[in-house]
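Chemist: Spelled out, the chains give:
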Amino acid sequence: MRERRIASVPRPVLALLGLALATQFIFSAWQPRPSARAEDLPYPPSSAVLRVLSLGDPIPLAQGMTLYLQAFDNQPGISIPFASLDYGRVQAWLEQILELDPRGQYPLLMASQLYAQVPIEDKQRQMLEFVSRQFSADPNRRWPWLAHAAIMARHRLHDLPLALRFATALSAQATGPEVPHWARQMHIFFHEDMGEYETARMLLGGLLASGTVTDPHEMRFLFERLDQLKAAEKSSSMSKR
Amino acid sequence: MLRTLNKTLTIASFTLLEAVRTRLPLVMAVVLALLFLGSVFVQHVAVTETARMQTGFLAGTTRIAAVFVLSLHVVSSMSREFNDKGVELLLSLDLPRAAYYLGKFVGFAGIAVAIAMLTSAVVALPSPGPGVALWGISLALELVLMAALALFSAITFAQVMPAISFATAFYLLARSMTAIRLMAGSQLLSPEDWLSRLIARSVALLSLLLPDLSRFTLTSWLLDDGGGVAQVGAAALQCLIYSSLLVLAGMFDLYRKNL
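Just so you know, the sequences run in chain order L and X.
Residue numbers for the first sequence follow the numbering used here, beginning at 8 and rising by one.
Residue numbers for the second sequence follow the numbering used here, beginning at 15 and rising by one.
Derived by calculation from the structure, the hints in this document are not laboratory data.
One or more of the hints may lead you astray.
Sample of chain L residues lacking proximity to chain X, with all beta carbon distances greater than 12 Å (derived) [to be verified]:
hint, residue
1, GLU10
2, SER15
3, LEU28
4, SER35
5, ARG40
6, LEU62
7, PRO67
8, GLU106
9, PRO109
10, PRO146
11, GLU203
12, GLY213
13, PHE230
Per the computed footprint, the stretches of chain L lying under chain X, defined by three or more beta-carbons under 8 Å from a beta-carbon of chain X, are [as the list claims (entries may be wrong)]:
hint, stretch
14, 16-25
15, 174-181
Derived contacts from chain X toward chain L, CB cut-off under 10 Å, selection only [what the hints assert, rightly or not]:
hint, residue
16, LEU107
17, ARG111
18, THR192
19, TYR256
20, LEU262
21, PHE266
22, LYS271
Note that beta-carbon positions come from the ideal geometry of N, C-alpha and C, so glycine has one too.
All chains should be modelled from the sequences, with the hints used to inform the complete structure.
Modeler: Listed below in structure tokens is the structure:
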């Protein structure tokens, strides 16, 4: 069915339509810009409620929640972006998102790369511990985030025991073929950094003896490190005497 | 002029009468009763803040239900009128199309206000505070705007399925526009990336065209701060502007139709 020409519309209707459209644009532009405030982030709904809301398909809900949480970032009005957030709430959101979509890596990336980067040590530690706890649920898939946490603990927090704990957990639990050797060897070098040469030497020797390292370049590098450790251990024991 | 106004009011009164005869009040009462029972269940299973939980559940669900029932009624009523050739019959009389359209809108707006009053009365049962009045007025404004939208989509699409789909999508988008704008403007996205900039600007442009329904009928008015007259005033202004826009756009479509 063909429509009638625009000329068939009375002119007052056309004029008022244009006026109403212009008024709507002006009214919308005049409204204050939306801004996320740190205190606006509420606790997430409970797991049971989220299960109902997901209508049996939790992944889209998890992704929507991730984007919602991400919107509480560097918005106008927040001078210190993430530091002003209530990290208890942030952690609750991340936990719920991971529960809905356990294979998703996004929440762990946000925890280790965004929320752990604030200049507040307590909040950094809270996020690193969160990553460590979540790592245990799926070590072979989540090892990169714990490796990052270990490096952060070592170089940002200068907390070697914490870094060693993360690296040891990584070595013990992330045993899949997709986990690179450098990640699984990290704890050995943290032992060395802590002056525990004997432990480091034993771990490295055990690793080389186990035959898991097959790359000749890597083996040569590790043997050199083993020699260095032996030398360091010898000089350390001599200086103690 | 006066005769046209009388005809407009006659159409409006018949639109209201049709709502009564198609048992819309009964449908709405049953829906509200079921939601009230649902809220009692929520209050019963909640461990703490039981009254708050009940009010929050009731306010959130009745608001959506009112919008849905009203939109469905407007679209199905208009569709029936098209199918029964009632529109042709009316327009064959000495009646401008604008008067017919305005009459229908006034009638549906009246139904919207009645639904809002009924809904507010139910919501007032568990939370009879001062916020209910503002909440109810805001709901009435929201429903009037939705009546204008459903009427516009019914005239434009002339069939139930596309008209309801359009109205629903529009409502959801208008309710979530603020959150979408925040996501699109995130600093985590590369500001140098032309696609990110394009998306952020497109979303900003779209938000100029849509009413911000996330500022209407907030549950926090019932639970926390009781809402403000200024907020309801802004909602009233938005309702006036956007309903006028939709009514005029609907008239534009009706004038162009070959009946």
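Chemist: Against the earlier hints, flag every one the structure doesn't satisfy and list their numbers going up.
Modeler: 1, 2, 3, 4, 5, 15 and 16
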